[in-house]
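Here is how the chains run, residue by residue.
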Amino acid sequence: MIVSIFLLVIGAAIVLCLIRLIKGPTATDRAVALDTVTTVTTALLVILALVFKRYIYLDVALVYAVLMFIGSVAIARFLEKGI
Amino acid sequence: MRILISCVLLVILSLGLVFALEQAPFGSNQIDNADKPGRFYLNQGMEKTGAANVVTSVVVTYRGFDTLGEVTILFIAAIGLGAVFHSRKKVKRYEKEKQSASLILQTGCRFLFPLIVLFGTYVFIHGHLSPGGGFQGGVIIASAFLLLFLGCEEKKIPMKSMNTVESLAGIIFVGIGLAGLYWGESFLENFLPRGMDYMLLSGGVIPIIYIAIGFKVGAELAGIVAGLIERNP
Amino acid sequence: MHIAGMIAIGIGVLFLFLGSFGIVRLPDVYNRLQAGTKCTTFGCLFAVLGVGIVEPAWFWKALLVSLFVLLTNPISNHALGRAAKKSGVPLWDGSVVDKSRDFPSYANTEKL
Amino acid sequence: MVERIFKKSTTRVRIFLYLFILLTLVWMALTSTLHWQELTAGVLISFILSLFLSKSYVGLGLPTPTVKTLSFLLIYIASLFKEIIKANIDVAYRVVHPKMPIRPGIVVVKTELKQDLAKLMLANSITLTPGTFTLDIAGDKLLIHWINVSTQDEEKATQAIALKFEKHLKRVFS
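For the protein sequence lines, the chains are X, H, W and E, in the order given.
Just so we're aligned, residue 1 is where the first sequence starts under the working numbering, counting upward by one.
Just so we're aligned, residue 1001 is where the second sequence starts under the working numbering, counting upward by one.
Just so we're aligned, residue 2001 is where the third sequence starts under the working numbering, counting upward by one.
Just so we're aligned, residue 3001 is where the fourth sequence starts under the working numbering, counting upward by one.
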């Protein structure tokens, strides 16, 4: 019951980030919004592991965190004309 | 106008997702109720192969020969990329000056690199127990090398040792298949003791094959990343 | 144990929401990064640790996830902020001071 | 005993031991069991990986792991947590407040830390604490975005932002 409220709040947070992702005047704004969505989604995956009682979803969350960190760094390096 | 269209598209997409996922009962075992081919693998896979992860038992044993073909295709793709990007004369490097990464990013990348490689190793060694496996672990290792490239330019991927690792892994894969032919009856047949279920040493040859696949995929994808970045026009 | 973990998850989720709210509300990239870094890192930390408290067998892996987020999130946010500064995104009009001209690599960028 | 080995060995061996211990600990947290098969595999894999990858840790300026350093590190982490909680309440207040009381600006801060890893930790701590985050770093100067600028002077800004972590970090990395 209470977990479903948590999930709803997280859904609202993701929708707010998506608004900034669509509106964002510069490319960096969009990258920041995407990075925030990543962190929120990592927390969401861990809470989903609790909901479904699956230990292995924690692995999924860790893989997601690793890959999206590298993605954020790649976007940032591209925006500052590093690569 | 563009914003309006994207909002409408987003709403339509999310509604579609909600309606599509509403029917799916997450986490429940649906396949036992119906007479589907997947049922055979779910019921028999564990006791026939000893791998707790049914997907792994399908990928490595039931269609192990196919997986060998997939790894070979990836290898040929890497070779093709190398052939396209290879040039005899020295290519002029990037006239514009490149922005180098800041000290924080460099230090962070150097600090995180071994940890991410360890995590990739964890994923492919536990391929028969948890989701993931050789291909996924290999991709994580390759992305660790990508991070090293993004962080510090002066670090170069040692291509020679990469090629050695890749060839060795391929030889081990084929060698295990041939050993199965020698001691058992068919290519890639299990010839090692099964071990206890749900332990690290279970599933016979499956962990060894996945280690070989992991190193092979990791080396190939790291080579592709290196080829794409070194050849910056 | 269960209740303490749930409270921790609740705090974490609340801060995740506030961080996203700040992303929408604050005026320019740098201020948005402030909200995006702090609130979401803290929220993610608390939510993951709360799950680790609710299920004690999961604690070590949850700790690993939270440590990884705590280590990588500031780095990626620093990279994004530096990218914004280098690519010349202007500061908000209400900004008080811009000392970046004293800094070696920004000597000839425009002020404010 | 570990301390004595660390003090006697050369730099390269020290870095190798460092990485080996770190990777073994991470492996144990990843598998979160003490079964002998997992432990053996973890030690073996950590040994091989740290043999090949210890090159990337050369020159990071890792501190010597003595009991004193570890206790200073714990004090540092405790103060960091306190600051993180303060930071979040602060930012949440600024976001929720209807008038948005922010006076953003960019200031320069000085540091006396030498090692790369120490600078990384200082920058990360500054990023996680109330209303400040690191934009860039060059030599001993950090460029910092401050959401509520109270002083524009370099010395005073250093006093307000960096000093509370620097004094802990200096003891850890000395």
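Take these hints with a grain of salt, some might be off.
Straight-line alpha carbon distances no greater than 25 angstroms define the calculated SDA-like cross-link-like pairs of lysine to any residue that follow [as the list claims (entries may be wrong)]:
hint : chain 1 : residue 1 : chain 2 : residue 2
1    : E       : Lys3055   : E       : Gln3037
2    : E       : Lys3141   : H       : Tyr1041
3    : E       : Lys3164   : E       : Ser3150
4    : E       : Lys3141   : W       : Ile2011
5    : X       : Lys53     : H       : Gln1106
6    : E       : Lys3068   : E       : Leu3080
7    : E       : Lys3099   : X       : Ile19
8    : E       : Lys3086   : W       : Asp2102
9    : E       : Lys3141   : H       : Gln1106
10   : X       : Lys53     : H       : Phe1085
11   : H       : Lys1048   : H       : Leu1168
12   : E       : Lys3086   : W       : Ile2011
13   : E       : Lys3082   : W       : Gly2094
14   : E       : Lys3164   : E       : Lys3099
15   : E       : Lys3170   : W       : Met2001
16   : W       : Lys2099   : W       : Pro2027
17   : E       : Lys3156   : W       : Gly2094
18   : E       : Lys3110   : W       : Val2096
19   : X       : Lys23     : W       : Phe2021
20   : X       : Lys81     : H       : Leu1017
Simulated from the structure, these hints should not be mistaken for lab results.
Hints, verified against the model:
1. Lys3055/E x Gln3037/E: Given pair Lys3055/E, Gln3037/E is violated - Cα atoms ~28 angstroms apart, limit 25 angstroms.
2. Lys3141/E x Tyr1041/H: 62 angstroms, violated
3. Lys3164/E x Ser3150/E: 17 angstroms, holds
4. Lys3141/E x Ile2011/W: 36 angstroms, violated
5. Lys53/X x Gln1106/H: Distance ~38 angstroms between Lys53/X and Gln1106/H Cα, so the pair is violated.
6. Lys3068/E x Leu3080/E: Given pair Lys3068/E, Leu3080/E holds - Cα atoms ~18 angstroms apart, limit 25 angstroms.
7. Lys3099/E x Ile19/X: 22 angstroms, holds
8. Lys3086/E x Asp2102/W: 30 angstroms, violated
9. Lys3141/E x Gln1106/H: OK: Lys3141/E and Gln1106/H at ~17 angstroms, within 25 angstroms.
10. Lys53/X x Phe1085/H: 48 angstroms, violated
11. Lys1048/H x Leu1168/H: 29 angstroms, violated
12. Lys3086/E x Ile2011/W: 14 angstroms, holds
13. Lys3082/E x Gly2094/W: Not OK: Lys3082/E and Gly2094/W at ~30 angstroms, beyond 25 angstroms, violated.
14. Lys3164/E x Lys3099/E: Given that 25 angstroms is the threshold and the Cα spacing comes to 30 angstroms, the pair is violated.
15. Lys3170/E x Met2001/W: 38 angstroms, violated
16. Lys2099/W x Pro2027/W: Distance ~20 angstroms between Lys2099/W and Pro2027/W Cα, so the pair holds.
17. Lys3156/E x Gly2094/W: 22 angstroms, holds
18. Lys3110/E x Val2096/W: 20 angstroms, holds
19. Lys23/X x Phe2021/W: 14 angstroms, holds
20. Lys81/X x Leu1017/H: 36 angstroms, violated
Taken one by one, the earlier hints fail for this structure at numbers 1, 2, 4, 5, 8, 10, 11, 13, 14, 15, 20, listed in ascending order.
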